[in-house]
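*Asks:* Protein sequence lines correspond, in order, to chains A and B. Using our numbering, the letters of the first sequence correspond one by one to residues 25 to 295. Using our numbering, the letters of the second sequence correspond one by one to residues 9 to 314.
Don't read these hints as lab results, they were simulated from the structure. Hints are supplied without guarantee of correctness; some may be wrong.
As the list claims (entries may be wrong) - Listed next, the in silico SDA-like pairs over lysine to any residue satisfying Cα-Cα at most 20 Å (straight line):
| hint | chain 1 | residue 1 | chain 2 | residue 2 |
| --- | --- | --- | --- | --- |
| 1 | B | 14 | A | 131 |
| 2 | A | 26 | B | 145 |
| 3 | A | 26 | B | 130 |
| 4 | A | 26 | B | 138 |
| 5 | B | 140 | A | 280 |
| 6 | A | 26 | B | 134 |
| 7 | B | 77 | A | 132 |
| 8 | B | 140 | A | 283 |
| 9 | A | 27 | B | 144 |
| 10 | B | 140 | A | 30 |
| 11 | B | 140 | A | 217 |
| 12 | B | 14 | A | 127 |
| 13 | A | 27 | B | 140 |
| 14 | A | 26 | B | 142 |
| 15 | A | 26 | B | 132 |
| 16 | A | 27 | B | 145 |
| 17 | B | 14 | A | 128 |
| 18 | B | 140 | A | 32 |
| 19 | B | 14 | A | 130 |
| 20 | B | 14 | B | 302 |
| 21 | A | 26 | B | 201 |
| 22 | B | 14 | A | 129 |
| 23 | A | 26 | B | 146 |
| 24 | A | 26 | B | 137 |
| 25 | A | 27 | B | 141 |
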Amino acid sequence: MKKFLFIFSFFFLILLILVAIAPNLFTAQDPSLQNLDLILLEANSEHILGCDWLGRDIWSRLIFATRYTILSGMLVSFLTLLIPLLLSGYVLFRGDFINNVYLQIVDTFQIFPPLLLAILISARSDGGFLTIVTALVLSGWAANGRLIRAYLLEIKNRDFVLVAYSLGASDFRIFFKHILPNVISPLIILFSLRTGMMILAESTLNFLGLGGGEDALSWGAMVYGGKQFIGANFLVSLYPATAIALTVFCFQVLGEHLETKYRPKISGRLK
Amino acid sequence: MRLLYKPLLRVLSTVVGVVILTYFVMASIPGNPIFSKYDKGISQEELNIKLKSEKISVFNVQQFLSYGKKLLLFDFGKSKITGENINDEIAIRVYNTFQLTVFAVIIFLSLGLGLGLLGALFSGSFLDQLFKLITAMFMSTPVFWFGLVLMIVFSLQLSILPASGSDTFVHLILPAFTIGLRPAAFLQRLVQSRIEEALQSPFVQVAMSKGLSPNYVLIHHALRNALIPIVTIIALEFSQLMTGAVVAETIFSYKGIGTYILQGINSRDYNIILATVYVTCLFVIFINLILDLTYSWIDPRLKEEN
Chain A
25 MKKFLFIFSF FFLILLILVA IAPNLFTAQD PSLQNLDLIL LEANSEHILG
75 CDWLGRDIWS RLIFATRYTI LSGMLVSFLT LLIPLLLSGY VLFRGDFINN
125 VYLQIVDTFQ IFPPLLLAIL ISARSDGGFL TIVTALVLSG WAANGRLIRA
175 YLLEIKNRDF VLVAYSLGAS DFRIFFKHIL PNVISPLIIL FSLRTGMMIL
225 AESTLNFLGL GGGEDALSWG AMVYGGKQFI GANFLVSLYP ATAIALTVFC
275 FQVLGEHLET KYRPKISGRL K
Chain B
9 MRLLYKPLLR VLSTVVGVVI LTYFVMASIP GNPIFSKYDK GISQEELNIK
59 LKSEKISVFN VQQFLSYGKK LLLFDFGKSK ITGENINDEI AIRVYNTFQL
109 TVFAVIIFLS LGLGLGLLGA LFSGSFLDQL FKLITAMFMS TPVFWFGLVL
159 MIVFSLQLSI LPASGSDTFV HLILPAFTIG LRPAAFLQRL VQSRIEEALQ
209 SPFVQVAMSK GLSPNYVLIH HALRNALIPI VTIIALEFSQ LMTGAVVAET
259 IFSYKGIGTY ILQGINSRDY NIILATVYVT CLFVIFINLI LDLTYSWIDP
309 RLKEEN
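Just chain A, same shape as in the assembly:
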């Protein structure tokens, strides 16, 4: 069962990435073509999932919105790992005071309910891909702040780092040559788990209408738009909502699989 889920998720995610790269291969319809004769149309052979409130083909919109979701999820997840990695890598070689300041900043960011700060920031413009990414990175990096510092600290106290020091290696060299290679595998696991969570956060922002409103080409925005017509045809918002759930589920399964299979000794000791 576990193995089946993993294989399914793996191939599903590869398929999603293909869709994100070349959406034209998977649909012949134009995602933004409006046809007022087809408003809230039920599924038929030409429009396999029916049409939305402006008569646009839902299947092609789902396909073309994949790029937005996958790209934003991965980009945000990558940046929310990179920022605390560099920051805590820096404070690692500094005194107690700087370390405490860093931890206090992390705490302050973390006390904000995760989406509240993102909502605040994404309200600063009319939305769009970059606004959403900025908002999610600024509100999400602190969640990894303590964990990544703990990973680094654990490696830094190992004997081989001490040896490198006594051989006269610089802080810079120690960080990139000795510490970083040893934390790469827990970071990859974290990346997979966080990408799913970030896709959830991204779609929630879009669902609240903060990513450019109901016409933005993203799954969350499709749910947001379809919500007003839920009495007439609830499938319009249920399809994209389920697509989000399925994608996040696959990232989650992949992350958990990597975690149980390749859980490195460091993160095991930390727990």
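Got chain A sorted already, so can you dock chain B onto it with the hints?
*Replies:* Structure of chain B alone, referenced to chain A:
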């Protein structure tokens, strides 16, 4: 008293941090309240005069200090758009959201703890497998999916529960489940794994071999020892609950703090946004403080270390 000193100091510094952070985010918002107030049919010269008369500027030390003082004294002023007093409105909203969260927490705790215990008891069986699959699915499902599905099933198809409104207890049910279901899945997983771990440990075997009943051992020995990480995750999930509240309130048009935030954002009403964000953060900080204090009550070993 000595026990209180450290957490209280942390609370204070976090509150100050929150005030600074909200100020900087808000001051950098380009959308202008004047525009929202007078709509778009206004010329640049008129706008400049209005801007001067209403003293709206960015990054200003004096403004920041007076703003910080007002927040600390809970004086949120008036809405820039409608002119109504924010304090009155926010009191109603906070009360509504508080009701909703309490109900959601009851669902979250009873489902999470109950099913977690059940899963640990039937560890390895078919039921266990089923729980694992369902929790994995729930953990990766967006909060609004639950909201939509609950609404479709119970309001549109079965029409037994209202789809919107905030007047009676019945209106609480669907939003509370929307908020509570996803965190409950996280809690179920944690409780089950911790209890399974505790059941393997020597002190449980000793208690069993003394002849205590399995239920007694489960509650008084295994659960008691699993409690610390459980309290930690409850603290973490609380801010998730607040996020969930924003989403659930939007779906079910519930008059709470979440819909108030969005109202403020959509009309670019600085005062409303600041007030709501500040109050929500205070709420989360307060809950964290309480949980901090319960640690030493749950685990007396921590008290001695202090």
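*Asks:* Confirm or reject each hint.
*Replies:* Status of the hints after comparison with the structure:
1. The straight-line distance between the Cα atoms of residue 14(B) and residue 131(A) is roughly 15 Å, inside the 20 Å bound, and the hint therefore holds.
2. This hinted pair checks out: residue 26(A) and residue 145(B) have alpha carbons roughly 13 Å apart, not beyond 20 Å.
3. For the hint pairing residue 26(A) with residue 130(B), the CA-to-CA distance comes to about 19 Å; that is within 20 Å, so the pair holds.
4. Distance hint between residue 26(A) and residue 138(B) is fulfilled; the C-alpha atoms sit about 12 Å from each other, no more than 20 Å.
5. With a C-alpha separation of about 12 Å, the suggested pair residue 140(B) and residue 280(A) falls inside the 20 Å cut-off, and the hint holds.
6. For the given pair, residue 26(A) sits about 14 Å from residue 134(B) by alpha-carbon distance, which is consistent with the 20 Å threshold.
7. Under the criterion of a C-alpha separation no larger than 20 Å, the hint pairing residue 77(B) with residue 132(A) is consistent with the structure, at around 19 Å.
8. A C-alpha spacing of about 16 Å is found between residue 140(B) and residue 283(A), which places the hinted pair at or below 20 Å, so the restraint holds.
9. Proposed proximity of residue 27(A) and residue 144(B) is supported: the alpha carbons are some 15 Å apart, at most 20 Å.
10. Of the pairs offered as hints, the one joining residue 140(B) and residue 30(A) holds, with about 14 Å between alpha carbons and a cut-off of 20 Å not exceeded.
11. Only pairs whose Cα atoms come within 20 Å are accepted, and residue 140(B) paired with residue 217(A) is accepted, the gap being roughly 17 Å.
12. With a C-alpha separation of about 15 Å, the suggested pair residue 14(B) and residue 127(A) falls inside the 20 Å cut-off, and the hint holds.
13. With a C-alpha separation of about 14 Å, the suggested pair residue 27(A) and residue 140(B) falls inside the 20 Å cut-off, and the hint holds.
14. Under the criterion of a C-alpha separation no larger than 20 Å, the hint pairing residue 26(A) with residue 142(B) is consistent with the structure, at around 13 Å.
15. A C-alpha spacing of about 14 Å is found between residue 26(A) and residue 132(B), which places the hinted pair at or below 20 Å, so the restraint holds.
16. Between residue 27(A) and residue 145(B) the alpha-carbon distance is near 16 Å, which keeps this suggested pair within the 20 Å criterion.
17. Annotation: proposed proximity of residue 14(B) to residue 128(A) holds, straight-line Cα distance about 14 Å (limit 20 Å).
18. Between residue 140(B) and residue 32(A) the CA atoms are separated by roughly 17 Å; this keeps the pair inside 20 Å, and the hint holds.
19. For the hint linking residue 14(B) to residue 130(A), the alpha-carbon distance of about 18 Å falls within 20 Å, and the restraint holds.
20. For the given pair, residue 14(B) sits about 14 Å from residue 302(B) by alpha-carbon distance, which is consistent with the 20 Å threshold.
21. Under the criterion of a C-alpha separation no larger than 20 Å, the hint pairing residue 26(A) with residue 201(B) is consistent with the structure, at around 17 Å.
22. For the proposed pair residue 14(B) and residue 129(A), the alpha carbon gap of about 17 Å is at most 20 Å, so the pair holds.
23. For the hint linking residue 26(A) to residue 146(B), the alpha-carbon distance of about 17 Å falls within 20 Å, and the restraint holds.
24. The hinted pair formed by residue 26(A) and residue 137(B) meets the criterion: a straight-line CA distance of about 10 Å does not exceed 20 Å.
25. Distance hint between residue 27(A) and residue 141(B) is fulfilled; the C-alpha atoms sit about 13 Å from each other, no more than 20 Å.
The structure shown violates none of the earlier numbered hints.
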